[in-house]
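Engineer: Residue strings, one per chain:
Number of protein chains: 2
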Amino acid sequence: MKRNAAVGLSALAAIAFIVGITAIASEHGDEASVPIFLTEIPQGYRDFGLIAVSRLIAGNGSSQLRAQLGNDIAIKAYREGKLPFPDGAIIAALHWNEITSEENNKVLAKGFPGAGMQSFVPGSGVNIQFMVKDSKKYAATGGWGFGDFTNGKPGNEKLMQTCFACHVPAKDHDFVFTQYAP
Amino acid sequence: MKRNAAVGLSALAAIAFIVGITAIASEHGDEASVPIFLTEIPQGYRDFGLIAVSRLIAGNGSSQLRAQLGNDIAIKAYREGKLPFPDGAIIAALHWNEITSEENNKVLAKGFPGAGMQSFVPGSGVNIQFMVKDSKKYAATGGWGFGDFTNGKPGNEKLMQTCFACHVPAKDHDFVFTQYAP
Chain A
5 MKRNAAVGLS
15 ALAAIAFIVG
25 ITAIASEHGD
35 EASVPIFLTE
45 IPQGYRDFGL
55 IAVSRLIAGN
65 GSSQLRAQLG
75 NDIAIKAYRE
85 GKLPFPDGAI
95 IAALHWNEIT
105 SEENNKVLAK
115 GFPGAGMQSF
125 VPGSGVNIQF
135 MVKDSKKYAA
145 TGGWGFGDFT
155 NGKPGNEKLM
165 QTCFACHVPA
175 KDHDFVFTQY
185 AP
Chain B
5 MKRNAAVGLS
15 ALAAIAFIVG
25 ITAIASEHGD
35 EASVPIFLTE
45 IPQGYRDFGL
55 IAVSRLIAGN
65 GSSQLRAQLG
75 NDIAIKAYRE
85 GKLPFPDGAI
95 IAALHWNEIT
105 SEENNKVLAK
115 GFPGAGMQSF
125 VPGSGVNIQF
135 MVKDSKKYAA
145 TGGWGFGDFT
155 NGKPGNEKLM
165 QTCFACHVPA
175 KDHDFVFTQY
185 AP
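Those protein sequence lines, which keep their order, are chains A and B.
Position in the first sequence (from 1) plus 4 gives the number in my numbering.
Position in the second sequence (from 1) plus 4 gives the number in my numbering.
Accuracy of the hints is not assured; some may be wrong.
Distance condition first, Cα-Cα at most 27 Å in a straight line; then the derived BS3-like pairs of lysine-lysine [stated by the list, open to error]: (1) A:K110 - B:K162; (2) A:K175 - B:K110; (3) A:K162 - A:K140; (4) B:K141 - B:K157; (5) A:K175 - A:K162; (6) A:K110 - B:K175; (7) A:K175 - A:K140; (8) B:K86 - A:K110; (9) A:K114 - B:K175; (10) B:K162 - A:K114; (11) A:K86 - B:K110; (12) A:K162 - B:K140; (13) B:K141 - B:K175; (14) A:K162 - B:K157; (15) B:K114 - A:K175; (16) A:K80 - A:K141; (17) A:K80 - B:K80.
The hints are simulated quantities; they were obtained by calculation from the structure and are not laboratory data.
Because the structure is a prediction, the values reported are computed rather than measured.
Hey, can you work out the whole structure from these sequences and the hints?
Structural biologist: The structure is reproduced here in structure tokens:
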């Protein structure tokens, strides 16, 4: 009875050990499978506040109009000059191909408010990029989870691995290039 | 006693009449002195949602980066395609001189994400313009009160009288040029 109990306990311990190992392995497996970048577009980003606007001329000479938006945590940090950004901060970057506004130019051609003016507006969307601050989850990439969505679909891993490397020169601003526009 | 009472009532009526006339005159005076444009910057406009961005090349070739923001009423109307905009809608247009971002260009010069790229960001502020919808108060200018502030100061009456005339060609969009950027 005593031996059986001991065997029983040993067996139980063995099972517990295997279960434990499996659990740890599984946990590590999960960690390894967690992408280092965003796979889903953060909800409500189109309602975020304005950080700034910008323009990018691509290598082929085409021009993009861009807007950088931030959730309340990000906007507050910007206004208070708080660095690094606190966990929960989200920055969204909306990129559009710049097109000429024929409608606006017709009005501008009339000479007011000034002759020779030209108006450019957002055309088709290029992509939407995100930075989500989670200092633990994204510790390997400066505490930021990067996202890049084209037509709603996330960039592949090869593309996403380039994000952080490109942001390293902005380390003094917590890896964020965009400055708040007054 | 009866006569005195009658005189008293007549006097009271006369006083009431004079007070009434004065009140009407004063009311008319107030109406006449109400400017047809904004004299104060609408509070909280920097927290408004993003409608769109744009760029304007001035007659002298200089470039402005621009952002159009809207309060909740304006954003809701845009998203629902509701025209005319309801009373209470406010649209803000922030205009900055476009400057080259040397910091960003240093990174772009390294060849990623693409060689030959150039980055432009907001420099000094040019002005902030507003359109505030109040179909009664601003009936004479399409229901919109226009505002134009440079360094926090409103434009003079001569400048402000040009706003509505310039917006008339956009009558089909309730005098608003900016379209919502997806």
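Engineer: Confirm or reject each hint.
Structural biologist: Results for each hint:
1. A hinted pair counts as satisfied when its Cα atoms are at most 27 Å apart, and K110 (chain A) with K162 (chain B) qualifies at roughly 23 Å.
2. Distance check on the hinted pair: K175 (chain A) and K110 (chain B) sit about 14 Å apart at the alpha-carbon level, within 27 Å; holds.
3. For the suggested pair K162 (chain A) and K140 (chain A), the alpha carbons sit about 22 Å apart, so the restraint of at most 27 Å is met.
4. Taking the CA atoms of K141 (chain B) and K157 (chain B), the gap is near 22 Å; set against the 27 Å cutoff, the hint holds.
5. A hinted pair counts as satisfied when its Cα atoms are at most 27 Å apart, and K175 (chain A) with K162 (chain A) qualifies at roughly 22 Å.
6. About 14 Å separates the Cα atoms of K110 (chain A) and K175 (chain B), which keeps this hinted pair within 27 Å; it holds.
7. Distance restraint check for K175 (chain A) and K140 (chain A): the Cα-Cα separation of roughly 17 Å lies within the 27 Å cut-off, and the hinted pair is therefore satisfied.
8. A distance of roughly 25 Å separates the Cα atoms of K86 (chain B) and K110 (chain A); the hinted pair therefore holds under the 27 Å criterion.
9. A C-alpha spacing of about 16 Å is found between K114 (chain A) and K175 (chain B), which places the hinted pair at or below 27 Å, so the restraint holds.
10. The hinted pair formed by K162 (chain B) and K114 (chain A) meets the criterion: a straight-line CA distance of about 18 Å does not exceed 27 Å.
11. Only pairs whose Cα atoms come within 27 Å are accepted, and K86 (chain A) paired with K110 (chain B) is accepted, the gap being roughly 25 Å.
12. Between K162 (chain A) and K140 (chain B) the CA atoms are separated by roughly 58 Å; this puts the pair beyond 27 Å, and the hint is violated.
13. With a C-alpha separation of about 18 Å, the suggested pairing of K141 (chain B) with K175 (chain B) holds against the 27 Å cut-off.
14. This hinted pair does not check out: K162 (chain A) and K157 (chain B) have alpha carbons roughly 51 Å apart, beyond 27 Å.
15. Distance hint between K114 (chain B) and K175 (chain A) is fulfilled; the C-alpha atoms sit about 16 Å from each other, no more than 27 Å.
16. Of the pairs offered as hints, the one joining K80 (chain A) and K141 (chain A) holds, with about 22 Å between alpha carbons and a cut-off of 27 Å not exceeded.
17. Between K80 (chain A) and K80 (chain B) the alpha-carbon distance is near 24 Å, which keeps this suggested pair within the 27 Å criterion.
In the structure shown, a violation is registered for the earlier hints numbered 12, 14, in ascending order.
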